[in-house]
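**Q** Top line first, the protein sequences correspond to chains A and B.
Mapping to our numbering: the first sequence position 227 is 227, numbers consecutive.
Mapping to our numbering: the second sequence position 320 is 320, numbers consecutive.
Quick caveat, the hints were computed from the structure, so don't treat them as lab data.
Incorrect hints may appear among the rest.
[Unchecked claim] Distance condition first, Cα-Cα at most 35 Å in a straight line; then the derived DSBU-like pairs of lysine-lysine:
id	chain 1	residue 1	chain 2	residue 2
1	A	Lys253	A	Lys219
2	A	Lys269	B	Lys364
3	B	Lys262	A	Lys319
4	A	Lys219	A	Lys169
5	A	Lys269	B	Lys269
6	B	Lys383	B	Lys364
7	B	Lys383	A	Lys424
8	A	Lys253	B	Lys66
[Said to hold, decoys possible] Some chain A residues flagged as far from chain B (calculated, every beta-carbon gap over 12 Å):
id	residue
9	Arg47
10	Gly51
11	Gln85
12	Ile86
13	Pro94
14	Tyr189
15	Ala214
16	Ala270
17	Ser271
18	Leu274
19	Gln275
20	His443
21	Asp445
All figures in this text were calculated on a predicted structure; none of them were measured in a lab.
Where is the CB? At the ideal position from N, CA and C, for every residue including glycine.
The chain contents come next:
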Amino acid sequence: MKILILGVGQVGRSAANSLAREPANEVTVVDINEPALRELQDRIDVRAVAGNASYPSVLEAAGIADTDILIALTNSDEVNIVACQIAQLLYRTPTRIARIRAAEYTSRPVLFAEGALAVDVWISPEELVTDYIVHLLSNPGALQVVDFADGRVQLASVRARVDGLLVGKPLRVLREHLPGSDVRVAAIYRDGRLIAIDGDTVIAETDEIFFVAARDDLKNMLAELRRREPAVRRLVIAGGGNIGLRLARTLEKTHQIKLIERDPRRARKASEILQNTIVLLGDAADEELLIEENIDSADVFAALTNADEANVMAAMLAKRLGARRVMSLVNRASYSELMDNRSIDVVISPQTITIGSLLAHVRRGDVVRVHSLRRGVAEAIEVVVHGSADTSRVIGRQISEIELPPGASIVAIARGEAVVMAHKDTRIDAEDHLIVFLADRRHVDAVARLFQGER
Amino acid sequence: MRSLFGVVHLLGSVLAMFSVLYLLPIITALVFHERAITPFLEGAVLCLVAGLLVRALTMRFRTDLKPRDAYLLVTLTWLVLAAIATMPLMMLMPSLSFTHAFFESMSGLSTTGSTVLAGLDTLPHALNMWRASLSWLGGMGIIVMAVAILPLLGIGGMEMYRSETPGAVKDAQLTPRIAQTAQLLWFVYAGLTALCAVCLRAAGMRWFDAICHAFAALSLGAFSTHDASVGYFQSPLIELILMVFMLIAAMNFATHFMALRKGEPANYKRDPEAKWPLVWIGISCVVVSIHVWLHNVYPDWSTSLRYVSFNLISLATTCGLVNADYGHWPVFAPMWMLFLSCVCASSGSTGGGIKVFRVLVLVKQSLREMFALVHPQAVAPLKIAGQLVSNRVVFSVLAFIFLYFITSVVLTFALLLSGLDFTSSVSAIVASINNAGPGLNVVGPGTTYGTLSDLQLWVCTAAMFLGRVEVFTVLILFTPTFWRK
């Protein structure tokens, strides 16, 4: 698949990185910043074209004529929109995705309707990250919560603690613990490695467990794996940038929020926009400030500035000063691996969150949703099965009969409005939405092909 | 000097236009076949001639008005119109001194509504109409001043609407042009007046009374055609109608306009100046009526509620129509009503006093200071209904409150010095500077200001005038910087 990415900022870079890793893709990147392009080319196998991303001549040089997917990720909403428009008018590019930040545009769906702006799909990384954090906050204890089938099924990961009811017991007893609930364990990572699971697998402390659950059962399942934590009321946010501000705005009616911002101008702006949030001017790593603002009674401290290092340090400090749970935004993949100990409870990687929504459009077959997990190593996808028992290798078969690549498993099925947890003997129908967990994303193509209906 | 003559030139135009107002009493005199028509005809001609003459003489000084000249224009307009409006009064009542006549016309033009005249019921209809017209015109002038002139100067409680942040709702600026905005608001004002008059007529007043009282209610002026004011009619329905229209008149007319045009009453909810006074007044009515009832002034609570709510609303909105002599109520009640008159009228309404907007700024600023003590590093801009109020506006509000307070204190002392008793002095000044009308004791609702000495009357006139033009406007003329080139 030929992919053209405009803009190599944080999101553009990680998109290029993640897409170029799949051998089937040919990725070209365009940016006005030549050094950034060179640096990217040194690390990954992409073609790079320097120039203004919305100029037809530049797009032509980047080979837009036979591009399958245009992904416009520059800093400017307007450049992204114009690039998509030009791609449609001049080159008939089949799929056009644009990053659009401003709610002024995104809140008016009619702009993106058929025949309006030539943007097929818009993504707003800040919005995705904010939604992700809101999900986490509403399920205290979870490391990650993502939606499938329009939110009817959720996949969550959690680190087991000794105070969880199921910890130290084999998986088999789950059914007795939660009778009538729709939950299924998808994978268990022990000491960072995937382990094979069956009914006799005993859950140990510090295991990282992925499970799917119907939305209403998620909280009960969390309680099985670690003591039920009280709901989040008091939230301290460090960083009043796009994400911090948006999060505060989303939650300020229901939560007590303090927002710490170092830049006076931005603090001022945040205080003007926010109605019920206490905006504090200062450094999030200032011990005095944190103590003065009662960090020890904060339910969650979320460090959401642009600087990874500042986030990590502030979050660690807040943890030491008594914040119940700390989260940190970490852009660099290498850092987030370092953080895998107890000093920071949740590491949020904006790239991993954003990339999923791009991947869904790049994948072959009818993949409607992709969530990147474990810093991009694993993946969970929602895929629609097409065809009939004659043409498909899966329709009409039981799950146990389907040959999946290693590390892949079907965990749940959304069938119409209903949600079915996958069992050995569950039969697959046409038009089922399968939720598949892939421990190794390299097999994703094989999985997609399997469900596509080709023999 | 050039700009002074430029202002005088404009004043000439205002004067010429003022002559139109004489038509109302002239028509009244014709309808009732009264001989009192001559003074008004003469007055109209004098006004027109004088106005045109001044205009012609100063034609060569004609310039565009600078914002700074507006202070002078506003001040002179009110003074000159009040002076010239005394003429019909003095011609029809030869016993009336200029002091009394000037008090009366200033009371009208400033929409205060306190009177020095007794025996209103026996006055010629034309004269009563003249008094009512003065206060109706005064109300109109205030609305224009509030939307067209004061925002340019950055005072008058309309500061909120010229805040520097773009994108915020500027409801007050309804159209791109100020003149058009003023015109629209006049339509609203005139329309509401007509509606009020029709309602009052339907409730049993005769047309003449209905029109005069509609003028009084919408301008919050309170010149009644009867000594007993609204008490004369003894009709709960009339009182109810007047209460509603007084509350309407105490709200920002721009809000009315927006609500009417868009047809959504939700507009009132968004205007913080509409919400809070209603809350304060509502609670006050209940509490005060219980208080008054417990002191056995009225046999039962519902009667107490009727009289308390009418007089309380009337005073709180700075109207001043009365239907009972609340001078006999326990002192808490009238004092509280006078206090409410300071804080219950909106900017952009015909009411007087500090204005709700300023009160909200003060309250929020106080809360903000306390908040800053708890969170020393917090960034907390002052917001009203989610809209930012800049520090510059906060300071200007603080300065206004200080000047308003000092002016009241100084004038009260002036009355005390003249020998008036304490309650009368305080209440007279508070009622005058808020343009509410009746005070307590010798200036209470049962009596008139006619008993005061000339000096005391001039002090009260000054209070009405200063309160009406927002203190700043006049005091600035006494600063050397204003006159420096």
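**Q** Could you run down the list of hints and mark each one as holding or not?
**A** Hints, one by one, checked against the model:
Annotation: proposed proximity of Lys253 of chain A to Lys219 of chain A holds, straight-line Cα distance about 23 Å (limit 35 Å). A threshold of 35 Å between alpha carbons decides the hint, and for Lys269 of chain A with Lys364 of chain B the separation of about 19 Å falls inside it, so the pair holds. A threshold of 35 Å between alpha carbons decides the hint, and for Lys262 of chain B with Lys319 of chain A the separation of about 53 Å lies outside it, so the pair is violated. Straight-line distance between C-alpha atoms of Lys219 of chain A and Lys169 of chain A comes to about 19 Å, which keeps the hinted pair within the 35 Å bound.
Restraint check: the Cα-Cα separation between Lys269 of chain A and Lys269 of chain B comes to about 26 Å, which is no more than 35 Å; the hinted pair holds. Restraint check: the Cα-Cα separation between Lys383 of chain B and Lys364 of chain B comes to about 8 Å, which is no more than 35 Å; the hinted pair holds. For the hint linking Lys383 of chain B to Lys424 of chain A, the alpha-carbon distance of about 61 Å lies beyond 35 Å, and the restraint is violated. Proximity of Lys253 of chain A to Lys66 of chain B is assessed by CA-CA distance (about 46 Å); at most 35 Å being required, the pair is judged violated.
Non-interface status of Arg47 of chain A relative to chain B is upheld: no Cβ of that chain comes within 12 Å, the nearest being about 43 Å off. At the 12 Å boundary, the C-beta of Gly51 of chain A stays outside the reach of chain B, the nearest C-beta of that chain being 34 Å off. Gln85 of chain A, annotated as away from the interface, keeps every beta carbon of chain B farther than 12 Å; the closest lies near 27 Å. Every Cβ of chain B is farther than 12 Å from the Cβ of Ile86 of chain A; the closest lies at roughly 30 Å, confirming the non-interface assignment.
Non-interface status of Pro94 of chain A relative to chain B is upheld: no Cβ of that chain comes within 12 Å, the nearest being about 38 Å off. For Tyr189 of chain A, the shortest C-beta to C-beta distance to chain B comes to about 41 Å, beyond the 12 Å cut-off, and the non-interface label holds. In this structure Ala214 of chain A is separated from chain B by more than 12 Å, as the shortest Cβ-Cβ distance comes to about 39 Å. A Cβ of chain B approaches the Cβ of Ala270 of chain A within 12 Å, the least distance being about 8 Å, so the stated non-interface status is violated.
Its closest Cβ contact with chain B, about 4 Å, brings Ser271 of chain A to no more than 12 Å, contrary to its assignment away from the interface. In this structure Leu274 of chain A is not separated from chain B by more than 12 Å, as the shortest Cβ-Cβ distance comes to only about 10 Å. With a closest Cβ-Cβ approach of about 6 Å to chain B, Gln275 of chain A is found to fall inside the 12 Å limit, against its non-interface label. At the 12 Å boundary, the C-beta of His443 of chain A stays outside the reach of chain B, the nearest C-beta of that chain being 51 Å off.
Every CB of chain B lies more than 12 Å from the CB of Asp445 of chain A, the least distance being 48 Å, so the non-interface label holds.
Of the hints listed earlier, those the structure fails to meet are numbers 3, 7, 8, 16, 17, 18, 19, in rising order.
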